[in-house]
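J.: These protein sequence lines are chains A and B, in that order.
Taking this note's numbering, the leading residue of the first sequence gets 574, the next gets one more, and so forth.
Taking this note's numbering, the leading residue of the second sequence gets 30, the next gets one more, and so forth.
Each statement offered as a hint is correct.
Below 35 Å or equal to it, Euclidean Cα-Cα: the simulated DSBU-like pairs (lysine-lysine) are:
#1 B:K165 with A:K745
#2 B:K218 with A:K745
#3 B:K218 with B:K165
#4 B:K54 with B:K218
Stretch-level coverage of chain B by chain A, calculated; a stretch enters the list once three of its residues show a Cβ under 8 Å from a Cβ in chain A:
#5 194–202
#6 209–223
#7 247–254
Read the hints as simulated data drawn from the structure, not as lab findings.
Glycine included, C-beta positions come from ideal geometry on N, C-alpha and C.
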Amino acid sequence: MTNDRSTFAPPTAGWWPLFGWVSFLTFVFTQVYAVLTSPADRMMGHMQKMMYVHVPAAWVTFFAFGIVLLASVAFLWTEDERQDLLAASAAEIGAVFCALTLILGMFWGRPTWGVWWSWDARLTSTLVLFLIFVGYLALRSFVEDPQRRGQWSAAVGILGAINVPIVWMSVKWWRTLHQLQSDPRSLEPVYLRGLLLNFLAFTLLTVFFIRRRYEAARYERAAEHASQAAALGGYNG
Amino acid sequence: MAFRDDMRRVRAIVWKDLTTERRSKAGFNAVASLGVTILVLFGFALGPDAQALRDAAAGALWLAVLFAGVLAFNRSYQVELDGGALEALLLYPGSRWAIFAGKVLANLIFVTAMLVIVVAVGLVLFQVTVPEDWGKIIGIMMLGVIGLVLLGTFYAAMSSRSRAREVLLPLLLYPMLIPVLLASMEATKAFLRGDLMNQAGAWAQMLGAFDVIFLVATFLAFEYVIEV
Numbered sequence: 574m575t576n577d578r579s580t581f582a583p584p585t586a587g588w589w590p591l592f593g594w595v596s597f598l599t600f601v602f603t604q605v606y607a608v609l610t611s612p613a614d615r616m617m618g619h620m621q622k623m624m625y626v627h628v629p630a631a632w633v634t635f636f637a638f639g640i641v642l643l644a645s646v647a648f649l650w651t652e653d654e655r656q657d658l659l660a661a662s663a664a665e666i667g668a669v670f671c672a673l674t675l676i677l678g679m680f681w682g683r684p685t686w687g688v689w690w691s692w693d694a695r696l697t698s699t700l701v702l703f704l705i706f707v708g709y710l711a712l713r714s715f716v717e718d719p720q721r722r723g724q725w726s727a728a729v730g731i732l733g734a735i736n737v738p739i740v741w742m743s744v745k746w747w748r749t750l751h752q753l754q755s756d757p758r759s760l761e762p763v764y765l766r767g768l769l770l771n772f773l774a775f776t777l778l779t780v781f782f783i784r785r786r787y788e789a790a791r792y793e794r795a796a797e798h799a800s801q802a803a804a805l806g807g808y809n810g
Numbered sequence: 030m031a032f033r034d035d036m037r038r039v040r041a042i043v044w045k046d047l048t049t050e051r052r053s054k055a056g057f058n059a060v061a062s063l064g065v066t067i068l069v070l071f072g073f074a075l076g077p078d079a080q081a082l083r084d085a086a087a088g089a090l091w092l093a094v095l096f097a098g099v100l101a102f103n104r105s106y107q108v109e110l111d112g113g114a115l116e117a118l119l120l121y122p123g124s125r126w127a128i129f130a131g132k133v134l135a136n137l138i139f140v141t142a143m144l145v146i147v148v149a150v151g152l153v154l155f156q157v158t159v160p161e162d163w164g165k166i167i168g169i170m171m172l173g174v175i176g177l178v179l180l181g182t183f184y185a186a187m188s189s190r191s192r193a194r195e196v197l198l199p200l201l202l203y204p205m206l207i208p209v210l211l212a213s214m215e216a217t218k219a220f221l222r223g224d225l226m227n228q229a230g231a232w233a234q235m236l237g238a239f240d241v242i243f244l245v246a247t248f249l250a251f252e253y254v255i256e257v
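Just chain A, same shape as in the assembly (with noise of 0.2 Å):
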């Protein structure tokens, strides 16, 4: 084992609590300002206002399981522990935020398409994604050993994160429906800009909710640490 000292001492807040508030107010301005801003679509009317959430909740899930990869990747590296808790904090925002993902496109797919769901690429890849997640998840939640549970969790990330652009193009060969990728070129500027902002609202907004989680997870580690030193009568601070 490598760790030293400072793996379990509790992390500082800094500057974190007022990147809380700044992420908080921009993501607060940036839908109040999309909303506003973008007329109702020809086709969705009103419900284009969903693309808002939906479609920067879709981008964070990517970013957060991209973190887990790195993450992972890196604790095996160098056997620092943080990095699985980093890993393990952006994990639990990651299903979060896919969840979340799924649940909206599903209240955007029932008017639009007519039915909740639908076992297109996008949709299917994505809730794979989420059924990954909870895998990673389980594992830790069933392993005590932090050891043990940092290089387990870490192998099922990297392997998960290798699998879902097979999964992808498994699941697109399979069938597709889904409605083209809006890009920039196919999307009005109106409700591109509001997207855009809305982009970096959230992504913001989930670096600091990993860093929270994150905080948590030091801290329990540092209380679990603590607990068994002064169980072994050998802690002095």
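Got chain A sorted already, so can you dock chain B onto it with the hints?
T.: Okay, now just chain B, sitting in the frame of chain A:
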């Protein structure tokens, strides 16, 4: 020289696992019977219309193999743990990958033997007419089984040593296996219908690519998983 030594270790582990299995036969009999039972249940769920059964045969077959096979993977480590043999296995000199390769090969033989029984019963129960190019179907099935066994053996190395192992393995394994299942089912289905659209080849390539990717990934990652 070291590589040849590791190959001998692989052979020894395969031989050991298969001998344990051959002497008791309890595991294999139970797992194969379960596979057949699941097929019968699918028959009731989809049944009795012959055409509906034929259409669903490929999917039902693969799910039966998957549900029954998952028991085999945990078992292959459980036998070691019960005898306190895993630590000893790790203490022997040699590469970690040799342990994984041995377990994978033993499980491959185990699951293939089960597949033969399940397919034979499935052909009868689901009234499937064997098509001309049955050799290709066997090829597809082997590719599918390799993907299943690779990931199954890898995840079982963790789940068998955790709490709630019965739940954890399927929870981890099934989402990962969706591409394998999809490709195997679709290719098998296409061949059973005579492959009029020439789709089966694309699925087979996908399966092959999947097997190669996860062969490399699981062999690299196994060391981190088994060590702790």
